[in-house]
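Here is how the chains run, residue by residue.
Number of protein chains: 2
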Amino acid sequence: MQEQVAVGIDIGGTNTTIGLINARGECLAQESIKTWDYPRVEEFIDRLHAIAREIGGDSIVGVGIGAPTGNSERGTIHASNLPWKGVVPLAALFRSRFCLPVFVMNDAKAAVLGEMTYGAAREMRDFAVVTLGTGLGCGIVLNGEVAYGHDGFAGELGHVIVAPGGRACKCGRRGCLETYVSATGIKRTALELLATEVEDSSLRDIPLASLGSRVIDEAAAQGDPIALETFRRAGETLGLALANLVAVIHPEAIFLQGGAARAGAWFHDAVSRSLDENLLFLYKGKVAVQRSALPAGGIIGASAQVWRAR
Amino acid sequence: MQEQVAVGIDIGGTNTTIGLINARGECLAQESIKTWDYPRVEEFIDRLHAIAREIGGDSIVGVGIGAPTGNSERGTIHASNLPWKGVVPLAALFRSRFCLPVFVMNDAKAAVLGEMTYGAAREMRDFAVVTLGTGLGCGIVLNGEVAYGHDGFAGELGHVIVAPGGRACKCGRRGCLETYVSATGIKRTALELLATEVEDSSLRDIPLASLGSRVIDEAAAQGDPIALETFRRAGETLGLALANLVAVIHPEAIFLQGGAARAGAWFHDAVSRSLDENLLFLYKGKVAVQRSALPAGGIIGASAQVWRAR
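Top to bottom, those sequences are chains Y and F.
The C-terminal position of the first sequence is numbered 976 in the numbering used here, with every residue numbered one higher than the one before it.
The C-terminal position of the second sequence is numbered 976 in the numbering used here, with every residue numbered one higher than the one before it.
No lab work stands behind these hints, which were simulated from the structure alone.
Certain hints may be false.
A pair holds if it fits inside one copy or across any two, identical chains being indistinguishable in the list.
As the list claims (entries may be wrong) - Derived pair list, reagent style DSSO-like, types lysine-lysine, alpha-carbon separation capped at 30 Å:
(1) K751 / K952
(2) K700 / K836
(3) K836 / K952
(4) K950 / K751
(5) K700 / K853
(6) K700 / K952
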């Protein structure tokens, strides 16, 4: 008998990843597509359905989706950084295409589900996961339960205003954390530094469209001063934001997931230093901030919804 | 048979209030003392014991205490704005004096307990209470449960840094929310305005020691420009901080308790305006911020611990 698998889908502002995950949280196959190549959500779903059938055949028992602003109860999304505007009934649309149980969740809450089911948070009752992708997401577990808040939108840490009147955010306001700390925010800081500073930098030779957090990280690894300063600033801002998050929810640990979380020590050291500087004495030495150990956290977390519901 | 009562004690950075509360949350008697009149904690407890015996006689079945940094599990406090330094084993000390069950809780979490047991939050699963006293406290309920966090210190909203490098806080850092929004913070803003502005103000004639949030509120009621601007700034800062809190925990409502919460429309209108301006679109029109309807919220909440444990 073929092993049963769940489809895990992680919808991001840049890439969407789809994978097959078994009940032990092992990723058996995965593939990525560009989210913005599909201006119509029906085409997006058709493409994911075709990939799922191709790699998963008939062994698929359900579909778990993580997406920005994903609302578990309603199965909808309402995101400012995805191609489809307004409230999109994602679960219903996927269900009618896949003819399988479909679960939609906020992407960061899916990441949390992954950490508590298969990751380092298995024994923890109070923790948070911060996802650093195109935007910045946050999933929170308190008293052993995922926090949804009144209407499903707890954890929008990326839209905490850290600089009133600061950088414009796609949400329509200014100074949101994710305009400084996320793959996009890191790119914006690099652009700002390239404009304001005169130092030599390998980033000056890169086509703007290719300038992303990975490229900046590679430059930082070569000692590039603009790249290093970019990550120092991102880390400083994130460290303060995490210190403030700790003061509100007091987690045992905070796990960093997503592309930008894979950056080098220049980023993580700056986060730790800033966190330590800004942490209230009550929490000193009591909160671990660490990179998530789940390699494909997004889709593994998304798939966990399927197994939990069985 | 005499009605059974619980002693509720609300320890604040300025006043400590003690009262007798029955199981329906009705306050039958209360009295206040100045917290800083008792540099030794034993004398403080002796005095409260004497008051309790005097007003409660033999009908007392237990003692519930709310105090800044109160830790429920350990029964301790470790507060920067109380006379007793370091970790104080408050529950054990009260227990040996009262020979009754004693419960210690963070004062803001006690306020939350009051709202969920006797107040407007009886049917709510996700809400917060913000207490505006000498400091600023916050209690959070998510999924119907009080959030304690990993080690009991969730909800230290007063120590979220809102102005890096800003006003010095007794916690040793700078820019904490409570240095701007609390009875003390409001006084500091008034002092700053009296120093920087030249407008006539009745506050200029008041002895500095008497300048507190109530006096400033009375001046605002008379149209005093410095007093009005003081509350406008406090409201603006609190509105932004609450918008950020909403983005993290997404409560259905936020209740304001404590002395400064009794200020007039000049304060509450500024809070609402700033909240509305700074709220992410997802939450618009969905979060009620209101003054608590519990007249003696602090001691009622503290006493609720006793009834819950029976």
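Notebook entry, point to check: Which numbered conditions among the earlier hints are violated in the structure presented, ordered from lowest to highest?
Noted result: Going through the list in order, the structure violates hint 6 alone and respects the others.
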